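Residue-level listing of the chains:
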Amino acid sequence: MSAPILSATGLSKNFGGLNAVDNVDLSCALDTVHAIIGPNGAGKTTLINLLSGDLAPSSGEITYRDRDITALPAHRVSRLGIGRSYQRTHIFPEFTCWQNCWLAAQSREPSSLRFFRPANAALAVRQRTEQALATAGLDSRADTIAATVSYGEQRQLEIAMLLAMEPDVLLLDEPLAGMGPEESVQVVELIRRITPGYAVVLIEHDMDAVFAVADVLTVMVDGVVLESGVPEMVRQSTGVREAYLGVGAAAADTGCEL
Amino acid sequence: MDWLFLLIQTLNGIQYGLLLFLIASGLTLVFGIMGIINLAHGSFYMIGAYLAFSFTQMTGNLFTAILLGIPVTLVLGYGVERVFMIHLYKRDHLHQVLLTFGLILIFNELQLMIWGGDPNGVPIPDVLSGSLPISDTLSYPVYRIFLSVVCLVLAGSMALVIRHTRVGMRVRAGAANRAMAESLGVNMRSLSAIVFSVGVTLAGVAGMLAAPVETVYPGMGEQILIISFVVVVIGGIGSIKGAFVGAVAIGLVDVYGQVYLPEIASVAVYGLMAAVLLWRPSGLFGRT
Amino acid sequence: MPSRNVLSALAVLVLALAVVPMIGDKYWIKLATRMIVLGIFAMSLDLLVGYTGLVSFGHAAFFGLSGYVLHLVSPEDAAANMAWALPVCLGVTALAALVIGALSVRTKGVYFIMVTLAFAQMLFYFFHDSDLAGGSDGAYIYFKPIFALGSVVLVDLGGSAVLFYFSLVSLIVLYAGLVMVLRAPFGKVIQGIKVNEHRMQALGFNTYLYKLVSFVIAGTIAGYAGFLFASIDGFVSPELLGWQESGIALVMVILGGMGTLFGPVIGAIALLGVEELFRDRALFGFIAAHWQILMGGFVICIVLFFANGLGGLLVKIAGRQSEER
Chain Z
449 MSAPILSATG LSKNFGGLNA VDNVDLSCAL DTVHAIIGPN GAGKTTLINL
499 LSGDLAPSSG EITYRDRDIT ALPAHRVSRL GIGRSYQRTH IFPEFTCWQN
549 CWLAAQSREP SSLRFFRPAN AALAVRQRTE QALATAGLDS RADTIAATVS
599 YGEQRQLEIA MLLAMEPDVL LLDEPLAGMG PEESVQVVEL IRRITPGYAV
649 VLIEHDMDAV FAVADVLTVM VDGVVLESGV PEMVRQSTGV REAYLGVGAA
699 AADTGCEL
Chain V
169 MDWLFLLIQT LNGIQYGLLL FLIASGLTLV FGIMGIINLA HGSFYMIGAY
219 LAFSFTQMTG NLFTAILLGI PVTLVLGYGV ERVFMIHLYK RDHLHQVLLT
269 FGLILIFNEL QLMIWGGDPN GVPIPDVLSG SLPISDTLSY PVYRIFLSVV
319 CLVLAGSMAL VIRHTRVGMR VRAGAANRAM AESLGVNMRS LSAIVFSVGV
369 TLAGVAGMLA APVETVYPGM GEQILIISFV VVVIGGIGSI KGAFVGAVAI
419 GLVDVYGQVY LPEIASVAVY GLMAAVLLWR PSGLFGRT
Chain D
-2 MPSRNVLSAL AVLVLALAVV PMIGDKYWIK LATRMIVLGI FAMSLDLLVG
48 YTGLVSFGHA AFFGLSGYVL HLVSPEDAAA NMAWALPVCL GVTALAALVI
98 GALSVRTKGV YFIMVTLAFA QMLFYFFHDS DLAGGSDGAY IYFKPIFALG
148 SVVLVDLGGS AVLFYFSLVS LIVLYAGLVM VLRAPFGKVI QGIKVNEHRM
198 QALGFNTYLY KLVSFVIAGT IAGYAGFLFA SIDGFVSPEL LGWQESGIAL
248 VMVILGGMGT LFGPVIGAIA LLGVEELFRD RALFGFIAAH WQILMGGFVI
298 CIVLFFANGL GGLLVKIAGR QSEER
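Keeping their order, the protein sequence lines are chains Z, V and D.
Take 449 as the starting number for the first sequence in our numbering and just add one per residue.
Take 169 as the starting number for the second sequence in our numbering and just add one per residue.
Take -2 as the starting number for the third sequence in our numbering and just add one per residue.
Some clues are possibly wrong.
Calculated cross-link-like contacts (lysine to any residue; reagent style SDA-like; alpha-carbon spacing at most 25 angstroms) [claimed, not checked]:
1) LYS105(D) <-> PRO84(D)
2) LYS105(D) <-> LEU262(V)
3) LYS409(V) <-> ARG334(V)
4) LYS105(D) <-> ARG346(V)
5) LYS105(D) <-> ARG334(V)
6) LYS258(V) <-> GLU194(D)
7) LYS105(D) <-> LEU328(V)
8) LYS409(V) <-> SER351(V)
9) LYS258(V) <-> LEU10(D)
10) LYS258(V) <-> LYS27(D)
11) LYS105(D) <-> VAL335(V)
12) LYS27(D) <-> VAL150(D)
13) LYS105(D) <-> PRO521(Z)
14) LYS23(D) <-> LEU10(D)
15) LYS105(D) <-> GLU542(Z)
16) LYS409(V) <-> VAL321(V)
17) LYS258(V) <-> LYS105(D)
18) LYS105(D) <-> ASP656(Z)
19) LYS409(V) <-> ILE302(V)
20) LYS409(V) <-> THR493(Z)
21) LYS105(D) <-> MET281(V)
22) LYS258(V) <-> GLY406(V)
23) LYS23(D) <-> ASP277(D)
24) LYS258(V) <-> PHE302(D)
25) LYS409(V) <-> LEU452(V)
26) LYS105(D) <-> ALA443(V)
27) LYS409(V) <-> THR178(V)
28) LYS258(V) <-> ILE593(Z)
29) LYS409(V) <-> ARG103(D)
30) LYS258(V) <-> TYR139(D)
31) LYS27(D) <-> ASN193(D)
32) LYS105(D) <-> TRP447(V)
33) LYS27(D) <-> ARG1(D)
34) LYS27(D) <-> TYR139(D)
35) LYS105(D) <-> LEU446(V)
Pulled from the structure, derived: some chain V residues nowhere near chain D, Cβ distances all over 12 angstroms [unchecked claim]:
36) TRP171
37) ILE176
38) ASP260
39) TYR308
40) PRO309
Source of the hints: derived by calculation from the structure; they are not laboratory data.
Every value quoted in this text rests on a predicted model; they were computed, and no experiment measured them.
For every residue, glycine included, the Cβ atom is placed at its ideal position computed from N, Cα and C.
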């Protein structure tokens, strides 16, 4: 595995007395998918929030391309090249898919404090938008209002917006949430297709998807990293089985989940 | 440094602050529980003051006037909630602000029609008209102490009821999730009406109590409303503790300002607000 | 960019207005001028409310401040020269908007409404309580501003027809300017902020900065309107900065149709027209003396039944806005 482009060491976040994230180490390299799994309440989304700058850590460090980004707010982190998608669709419902991606593409321009020439005149932005929509398979829906497209397409739009930002790191928070089997397959394909050139951190509950794309797997329980490594190895780990299936179930192969 | 003078001004500041606390509690109750920002809250303060004026003239006794004024204000508040506020639960803040702005226009004009534009005064009841001596030469008016205590007790009781009683629990449930509370059997319609009526009556009672020490004049509602907003901004919306701290801070800044730095007195309060905003945009105790 | 049909309708409206000084007397010309100037004021507020999602209840602060600055720089015995007086008014207003905005924009939602109201009230009290400019009585601008280059007077706002046309042209130019700004990258960003500010931050935009710039632009245009308004009657008073003025501006925005730019202008015209009606004894008898009650009722009715406003209606009738890419 090549050198990590994004890494976190000793990352912690506590709310009052609760340690949502407790001393977590994480790293991700280009062209790899690092999946994070764990039961609900394990702290996965909080971890992503820390990485994206939406939350400030209580302790620990986050490094991106050898640069300390621990204290940076969300918009600075985003500008540096770390993009994220959200578990609950977080798009601009009143705008068309094109306009949604456009804003993401425009964010890469040096400054949007431009008042005179029309936004459409920016060729580079236009190209980025077209490309992102095409990659996500949404070109036919470009002029449709985002609130009216199907749920699955909205999740694709989340990812398209991410691509339009031209980041290095993709933080995907449950991209398959609420999707049926067919749509899930499409999105998994999308993730697999776009991975070359990006470092992907993926939170998911859908185990089929996880094992289809993950190069590295980290299991979190109660804010702590239980196990981290190559998927096959993690799969075999007794500790993980216990966490998911309960004590004593490690001996019995239930055939579900893991 | 005249310490006794400072003491008296401090007491005045606290008294003003506690009055603001009562008014701001009503405001924060309605906003925190019902999610409605009611610009006409100040109008109820004004209505309370004018009712106290008229009823005291009629009965000769401020206490009777207040006893008469409270049910009148409650009924008025209930009526306003049933007719107007009921439409605002699903609307955004802009609509709430504009509708209640319309109400202010109506209330202000009605006040002019009924009572006219001249300022009025309400006499302090005899039993409370004495002064408590605090030195050989200086004494402090009993009424102001009475006013402070009543405001503190009223606002404090309301906070306790919300926090520690069954009714309060239902109110908080309704605030957190209206639909859910309804499906659990909480009658949100009557609860909303009650909360609103009580909230604005707190402002009304503040007006009635303050009438003997403040002038009763047109436009007094908006003046106090905006200061209440400053209190809530400083203290944080939805926080009674915040309303208390903010109100007393403002009371003191305002009184000290008027006495020691009269040129900037009227803007001192806003300066305090600006300072808090720089440091904590959601107020000292507000939820971010 | 509004559709062809809407633009045509607006052009007709402008032409209709342009005729007023030719057929009406001074009273009507002044009324029409007030409508246009308040239209500019309301339009500037729409930039904040309808496009950036910032509900300011203190926009009149900039409207009134500018008028007061004009009074302060106007000599008692001659007219001020717009060539420098106008930039001074706009400069002071922009600075005030920058300071107030820098503090206010840190807040969100209800807080923002309350904070803008409070800061505007602070300015109100400043002018009301101090001797700087007549206190609560207000102050006069004895000679309306002129625009002179050297000794040549090109424009004299003292003539009511001149002031009317100057205001009308200003409205058209400012409208076109705002349309341009809204089509530019800046306009896209603030509209995105209105819909989903958090997402815009996640996309990498420093939303605080954009909101602040929007606030300053809106405040400065409000200052321009205030400059003109003070020139209509040559008089300024603290009420110009007051919460009623700010509230009425918001009503104009809603009445005309938020987020359309031209809607609030129509709202201003409509509201002033309605006020004229309410004050008419022949129509409303003794209530006309207490027309504020009628106005309050009118405002409530708009909020309850007509919240999309007239502009929204116009857009619906004339056809959807052209969906550009």
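Hints numbered earlier in the text: which of these fail when held up against the supplied structure? Structure breaks hints 1, 5, 7, 8, 9, 10, 11, 18, 19, 20, 21, 30, 31, 33, 38.
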